[in-house]
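Let's have the full structure, built from the sequences with the hints guiding it.
Here's the letter readout for the chains.
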Amino acid sequence: MSKRWLLTHGTELALFSALASLPLFISNTYALGLLTLLAIYGVCLIGLDVTVGYLGQVNLAQSALLGIGAYAASLSVTHLGFGFFAALACGFGVGLIFGVILALPALRLDGPQFALATLSFTAIATTTLNEMEWLTQGAQGLHVTRPDLWIGEFTAAGFYWVCLLLLALVWLAMRNMLQSQWGRAFEALRDSPIATDAMGVGTYRHKVAGFAVGSALGGLAGGLYAFNFQYLQPHSFGFELMIILLLGVVLGGRKNLWGAFVGAALIVLLPNLLSNPILFRSFAVIGLSIALFAGWQKQRRQQLFTFQTQAPIMAMLLLAGGALFIDNTEDWRKAIFALMLFAVVVGLPEGLMGFATRRLSQIFRLDTSTLPAAWPVAEVLVLQTSALDDLLEIQQLKHYFGGVRAVDDVSLRVVPGQIHGLIGPNGSGKSTLVNLITGLYSPTSGTIHFQGQPLPVGSLYKVSHTGIARTFQNLQLFTELSALENVMVALRDQYRIPLPLLLLGMGKQQETNARAKALTLLALVGIDAQAQQLAKDLPYGAQRLLEIARALARQPRLLILDEPAAGLAHPDVIRLVEIIRRIQQRGITIILIEHHMDVVSELCDIVTVLDGGKIIATGTPDEIKRDPDVVKAYLGEPC
Amino acid sequence: MLILENIHAGYGSSEVLQGVNLEVNAGTVVALIGANGAGKTTTMRTISGLLKPTQGRVLLNGEAIQHNEAAAIARLGLAQAPEGRHVFGPLSVEDNLLLGAYRYLPRFFGYKKRAQVQLDKIYALFPVLQQRATQQAGTLSGGEQQMLAFGRALMAEPKIILLDEPSMGLAPVIVQEVFNTIRQLKAAGITLLLVEQFAKRALEVADYAYVMERGRIAIAGASAQLQQDERVLAAYLG
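Listed in order, the protein sequences are those of chains A and B. Start counting the first sequence at 34; every next residue gets the next number (this note's numbering). Start counting the second sequence at 19; every next residue gets the next number (this note's numbering).
Just so you know, these hints were derived from the structure itself, not from any lab. One or more hints might be untrue.
[To be verified] No farther apart than 20 Å at their CA atoms in a straight line, the calculated lysine to aspartate or glutamate pairs in the EDC-like style are these:
1. B:Lys70 <-> A:Asp570
2. A:Lys331 <-> B:Glu33
3. A:Lys331 <-> B:Asp247
Computed from a prediction, not measured in an experiment: that's the story for all the values here.
Right under this line is the structure:
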């Protein structure tokens, strides 16, 4: 606790106290202006990092939202007579509204299309600001009056302190949000939207919320920007600012509050650093030495000289060489930025602070945070009982892909408390049937009843809230989250504290409970020792078990396991059988798709065999093994 | 033909392979078995150049290849059917197969004819693939995708094939077919390195086998000998 706490919170405290005390020593108004700008861009980049870092989308609208926020705040002062903080709130609110308006259509898109949608938004927004001369005075520019506070007129230092205070508040609030279930949901839906929906977390809702919060911070920063410069022009919020903001996030390091801050510092300070040739030359030499040192280190450790080490050295050589010949560095500014960006993106894909955080936690041997004690399994997985005869009833279900009858008239009953096997040749429709039950596909015809109620059709998210959970045959883990966090994402009925209270830091107890519950489930499947490893770094067998633990976090009545033993070696298969038995003892009904016949025989009460989308046999494992049709279509001759 | 000397490799700071020594002679089938997480797949990735070892050498026909790119190693006649069926989803089955022979087939003249010859060989082994020739590979069932990955590795007439979990996720009847195919390949004199969870079947088909435990080779020997080995019997054959 203490070392970790000191390093994270202590450094933050030190940073903000240092920043806050600077005006006491610096009287230079120019330097103070730069510091103010640093705080403003910090707020803006923290907002941008939500979409770029956490949601993993290229967002090109943040500069426009900054502009919209700036105009909204200024106009609310001149036309509506708002005070300082009311005007900032107005910038924040307008950013939020425009964020939602843009997000609703744009977040239906992905990747390059999303980037283009946000790019068009920026074009439309800046053009509109320019053309609405009656309101914004267009290209002439708008003079902004900065309202005074009730204690009197702003001094330069006073305004800086207000900006810094807001940055600190935003920092705290966003840390609370991003370390809660919201931050995990953002990362989860970036890694696997399908699994996120299947685990009962609405992907679209979370995406829109994340984008809206980021946009609102852009609007807030816009308000500060307006009162800082006291003069606005639409074209300053166009493409150049947009690129610089993006550069700040990438250089500083994504998914990292410090990264946003360092990025802001870079984009504020670099132009000034570069304006002096001597400073610039020493800067280039330092850059070159760092690149050479990093290359030498890597060479020593891996005896490899890869593109990742060569490219930054070449870029820095070019920069240092150029520095000798160039005197008017100002004119070359963009080219210099480009070289640095290239060097950092290739050499340090995680950004400056991403790299620094990783190295520092290695140097200080930061053990990953301590875990709470696991709970008794009975408290996490409530014993399920059912008075019904059939938990799941499927009637005449059909699903056609074009002309292919993947599921062709299947009727099936699943009895509560049993393990129901589902076997059949590859392509016989087992996985399609599961995808129909869980809502990934909509059936062509037929009905599915769960606990006597018709199941929602064609929505993973809605089905996941009825008490059905599943694992995925081709693993759909949230690869960038730890094993523990993977399970925490899926926990059912766990997160009740609304977002505003979370931002104020009221989610601590809820979070501790969630960790304890998730740990309990990891222990149930026997991978609690690897709780803090990233899912992508787990061995294959552990990934399979993690899928099961995550599905259990839904507290399901019906658990569908899609080939849990695929690719498991003999000792691990034995462990898996024990785990499934333990799950059954909690009263959970299981549908088991599996090719390992020894597992099926060992566990299943009843087995349904599919071939070509139709049921060809139903019975106990022993009956099935003797069925001539099943032997022919599936089992083959014993060897 | 293929020799691994004291290979160390891993991901990031965790070292998975801690000094692996292994040898595959021409014309033999060698099996690599072990529990999940023992490092079998990592060994395969190191051989095929997808992962660079931090120490040690990989020799293919006497040539050190551990620094080569994966594509260059493939051109030397080493093919891999990776675990988890990495087929090209949006492409047709036939295009997937043709990509497997991308460097092998002539560029311009005689392409069609040579390509057809190769395709026919594969279709003879896996008739299902011929039926699905124009279908998108991503819409195949898991087992069919496995066959496709298998067929694709064979397309370029490789000198040695690495098969990573060829039976994974396949119906028992298909697993038998896959092992029959492996026997056919063996009879045709093709060199195979086989990673397999069904240790029993793997030992039946292989000439020689290695058992991996925690990143090292724990036991090595002729398959017939390992089938009798008590340690192997207890841990892997059940």
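Evaluated hints:
| no. | hint | result |
| --- | --- | --- |
| 1 | B:Lys70 <-> A:Asp570 | holds, 17 Å |
| 2 | A:Lys331 <-> B:Glu33 | holds, 16 Å |
| 3 | A:Lys331 <-> B:Asp247 | violated, 43 Å |
When each numbered hint is compared with the structure, a violation occurs for hint 3 only.
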